Each structure stands twice: as C-alpha cells, then as structure tokens.
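Colleague: Here's the letter readout for the chains.
2 protein chains.
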Amino acid sequence: MIEKKVKIGNLYDFYGELLTDKQKDIVELFCLQDFTFGEISEELSVSRQAVFDTMKRVESILENYEKKLGLYAKFTQSKAYVKALLAEVETLRTSDVVQSDPTVAETVESIFQLTQKVLE
Amino acid sequence: MIEKKVKIGNLYDFYGELLTDKQKDIVELFCLQDFTFGEISEELSVSRQAVFDTMKRVESILENYEKKLGLYAKFTQSKAYVKALLAEVETLRTSDVVQSDPTVAETVESIFQLTQKVLE
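Line order of the protein sequences matches chains E and D.
Following this note's numbering, the numbering of the first sequence begins with 103 at its first residue and continues without gaps.
Following this note's numbering, the numbering of the second sequence begins with 103 at its first residue and continues without gaps.
No false leads were slipped in.
Since copy identity is lost for identical chains, a pair holds within one copy or between any two.
No farther apart than 25 Å at their CA atoms in a straight line, the calculated lysine to any residue pairs in the SDA-like style are these: (1) K181 to S212; (2) K219 to E192; (3) K170 to K219; (4) K170 to R159; (5) K170 to Q135.
Because the hints were derived from the structure by calculation, they are not lab data.
The structure presented is a predicted model; accordingly, all values stated were derived computationally and were not measured.
Whole structure, please, built from the sequences with the hints as guidance.
Modeller: Take a look at the structure:
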C-alpha cells in the first residue's frame, strides 16, 4: 500500500495537472497528507466507496499517461545519473590536487553549482 | 512559420503520444518531413483545409499540455545546465593539473561519461 501511495504520488507530480480538481483533492489527501480512505471520506463528505473508486481511476489515468509518454521514467533515469555525477564532483572538490590550483578548483566549483541546479 | 514548426515539433516530442493517429500522421509529415500543407493534403487524400484545421487543433492541444505540465520547459532548462556543465568538464579534462593525477583524471572521465549519458 505504501509503495502504491509513493508510485501514485510520483506520477501525480508529473501528470497531476491533467486530473480534475475533485480527483486532485483526493490524491493530495491520500498521497501528500497520508489520510486513510475513511478520513478522506469524512473530510470531503463523500462515501468511502467513492474515494476508493476515484483512487482506482486516478491510478489508471496516471499510469496510462506514463505508459504513453514515459516522462517520469526518463526524468528518474536522468536524475540517477546526475546524482552519481554529484557524488563524483564532491570527491573532486575535496581533492588536494584540485584545491592546489585555483583555476581548476573554480571550474570544479562551477560544475558543482550546475549539478545542484539540475537536481533542483 | 519555421519557428512554429520547430515549436510544434518540440512539444510533439514530449506529448505526441497523446494525439490521435491521424493527428500524428499530419504532424510528422509537417514537422519531421517538412511537407507543405498542400503536399500533406495530396499524400493523405484529405483537403488542404482539413490539414490546416488539424494543425491548428494540434498546436492548441500540445500547448495546453505544456501549459498544464510544463515538462518541456523543465527539460529544456535542465538540458541547458547540463550543456554548460559539459563545457566545464571538457575544460577540466584537458587540464594539465587533472592529467597529472591518475585518480583525479579518472574521476573527471567518469563525470564526463555521466554528463554525456544525461544528454542522451
């Protein structure tokens, strides 16, 4: 259940704006505020079944967008490379060889800053 | 007109799979194969007006997706940072200081490879 919540939350970050306001309200309570279906039902004055049905529908909609566009997978792969890159840059930053030369140290610092920006 | 073609082509790379097959055929002839509306009309045996109307509609659909999701803008910004990063890494790679230390040179090479992968 937690895995499903995380998966829906991740896809929602990408494609959430294509959902209706009602669907968005329910996903946000479920994924971001960690409400149970029962709590969402009370909060929004709708039946527990309606919450369940909406979440099923939302999951299918979001998965369908990802199946067609694959942008979440693409961004996730890219982010993994950038994180690996950041780890290497951090090693360079603390290297005595790099620190011994102000020009090289400055270039490494610039690479570090740019890597951070990509990850923002 | 060329700018519009490039813009539609870029958005099509991101959101094209959300169009119908008929819309996709027309966009591909227009943006990728550089056909005129007249040529597309002959190729697909539809009226020139139908080609024009479809392209108008497609432009609006693709722009609406981008307005809601902003993934093309996000990706383009990220790519610009990574390109700037690559330029800095290429400077490092040819630096005598870096080349003088095999461990540092290897780390820089690894950063270079990862940067290339992000750009793929």
